[in-house]
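Listed below are the residues making up each chain.
There are 2 protein chains.
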Amino acid sequence: MTSIDDVARASGVSTATVSRALRGLPNVSPATREAVMATAEQLGYVASSSASGLATGRTLAMGVVVPNVSRWFYSTVLEGIDAELRAVGYDTILFNLGLKGEDRERVFHRSILRKRTDAVIALCLDFTPAEREQLASLGHPTIVVGGPVPGLRHLGIDELAVARAATEHLIGLGHRDIGHLAGIPEPGLNKRVPQRRRRGFEVALGAAGIAVHPEWIEQSDFQISAGREAALRLLARDPRPTALFAASDEMAIGALLAARELGIDVPGKLSIIGIDNHALAETFGLTTIAQDAFGQGRRAAQLMLAELAGETPRPSQLRVATTLIERATTASP
Amino acid sequence: MTSIDDVARASGVSTATVSRALRGLPNVSPATREAVMATAEQLGYVASSSASGLATGRTLAMGVVVPNVSRWFYSTVLEGIDAELRAVGYDTILFNLGLKGEDRERVFHRSILRKRTDAVIALCLDFTPAEREQLASLGHPTIVVGGPVPGLRHLGIDELAVARAATEHLIGLGHRDIGHLAGIPEPGLNKRVPQRRRRGFEVALGAAGIAVHPEWIEQSDFQISAGREAALRLLARDPRPTALFAASDEMAIGALLAARELGIDVPGKLSIIGIDNHALAETFGLTTIAQDAFGQGRRAAQLMLAELAGETPRPSQLRVATTLIERATTASP
DNA sequence: TTGAAAGCGCTAACAT
DNA sequence: ATGTTAGCGCTTTCAA
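Going down the list, the sequences are from chains A and B.
Note that UniProt numbering has the first sequence beginning at 1, numbered continuously upward.
Note that UniProt numbering has the second sequence beginning at 1, numbered continuously upward.
Some hints here could point you the wrong way.
[Said to hold, decoys possible] Computed list of lysine to aspartate or glutamate pairs in EDC-like fashion (alpha-carbon distance at most 20 Å, straight line):
1. B:K269 with B:D238
2. B:K115 with A:D5
3. A:K115 with B:D6
4. B:K115 with A:E41
5. A:K269 with B:E261
6. A:K115 with B:D5
7. B:K269 with B:E168
8. A:K269 with A:E215
9. A:K115 with B:D118
10. B:K115 with A:D118
11. B:K115 with A:D6
12. A:K115 with B:E41
13. B:K269 with A:E261
14. B:K115 with B:E307
15. A:K269 with A:E229
In short, the hints are calculated from the structure, not lab data.
All chains, full assembly: derive it from the sequences and hints.
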């Protein structure tokens, strides 16, 4: 493993000069810099991250804590984060908690988050008070993406407003019999997201003077399969609603599948709207309220980077914009 | 930031003893160990990974290079890897290349893979000769999961045999008019996977004395949307096949959607089989050849860990098992 | 069983 | 513009 000394010796300068030259610091003559870079290249030298990390106190790595990596929102945010970090030479260290949360203890119990990362981005998780405190006391920048957590900085959409806008789109179309495919609190995941989306639904109905029919609300997790099953239950009711607001696009797609199976024409007999603009939304012609998950990842990474660069922390609750995308699953009743 | 010295001082022993006690090394009296552990816990001490990395030459981190993290196979393998690593205290450092591969240069050009990880797992990527050489010369254990790469160690299914088995399932059911939704070579991704799956299809037909109809083969990427479009094109032909072998479950699901849109009964008028046992396969009642992506991730991680522990490297091509899962999308013509 | 001390490879003052 | 040198926090001989 070639070290900085090898490069210094080979190019006839001191290690300090090599260090300066390679990192693009000032006070190195162009000729020297070029020579050093050439020998470094030739020797295949790369600085040891352990050594420079020890010397500088910086690891050039960001911890990203995710509940899992197979759902659209999480994987997309993760890609946004990684893209941003990669561009500035930062590494992404993944902490995949797993939905069951067996490893949470290991991750949080003052273990790995510490000393290996310069900052931490957490996705849409539910934290115990102890975990929250540990995150806060980490001493380095932290942000949560996707679901507000009291006491921690946060970046995400306005869950309640988005749910309300989706419901109002349906109401605007003339629907008054509206059902809701609600999210269910999942262990380890932020419970506020399903709660607020449901609340937004209820608020929209209330504001329009429409009564909430509890029998037209079904709960499931945010995925296609569960959404389909919930919709199957809901649509079996008589009477059934003329429109459905699903708490996520995946659930909406599940509802679409259920409607097809039951021979219910969409949007003829049933309108469906979701939230996300999932990768499959376009394929299914789904009307939805789009949120930019990739952009949220980038944005969160940028914020952390800026803080690490010495910028003073910005306001603690950042709201990102959403847009209604009308496609083919909503129409007047 | 509490250091080992703080712990040593607080517990009245030397740093060496603290180090030994905390890492579970022998030659520490039970009483001392307990005392050290208690003060460490109380002080919230965690060893700096930079410092121990520098001292030992081990980073306790594994590099995982993925083309992206939003497709089922990749995200699932990644979760398997992370689960295994987490259990032994290793960290996962993610290198998300992005399909467009803009960042490949940065990752590979003797940069970050080096000195930050003890081993590297790469997923199903296509490497340039230069990249391959860099991986091989990294000096630490390396393995590729998901698509064989000449000159690198590999773990995965037997692509050709699996495709053949899927096709033979269709033939066994009595089909002779069989089409294929083939994968397309995607930039940066291993081209052998779509190629071999197509070859397996052709071999199976050949062995059964059935002619290949080129007009019944359509190409697309491995995803649902593209699979649906390819199936739409293919099923528009007259005559059309009575069965379809899709190179992936996502494509098969796309075909299922296409068939529904065209009013073609599955499996009455059209049988469909895929490969993977994707999370959605069950929801769609899809017959498929299952591969255990999570298990492959675990396995790959285990192999790397074993080698790091000094075990001699195992044979270089590891095949993992697959199983046919008959569900509701295949039947006799 | 425990401690002293020499590094691991790099960075950052401080000199020159 | 370049060199010298003292750490960064830990592990690991080697002694005791």
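Hint-by-hint comparison with the structure:
| no. | hint | result |
| --- | --- | --- |
| 1 | B:K269 with B:D238 | holds (14 Å) |
| 2 | B:K115 with A:D5 | holds (16 Å) |
| 3 | A:K115 with B:D6 | holds (16 Å) |
| 4 | B:K115 with A:E41 | holds (15 Å) |
| 5 | A:K269 with B:E261 | holds (17 Å) |
| 6 | A:K115 with B:D5 | holds (16 Å) |
| 7 | B:K269 with B:E168 | holds (18 Å) |
| 8 | A:K269 with A:E215 | holds (19 Å) |
| 9 | A:K115 with B:D118 | holds (18 Å) |
| 10 | B:K115 with A:D118 | holds (18 Å) |
| 11 | B:K115 with A:D6 | holds (16 Å) |
| 12 | A:K115 with B:E41 | holds (16 Å) |
| 13 | B:K269 with A:E261 | holds (17 Å) |
| 14 | B:K115 with B:E307 | holds (17 Å) |
| 15 | A:K269 with A:E229 | holds (19 Å) |
When each numbered hint is compared with the structure, no violation occurs for any of them.
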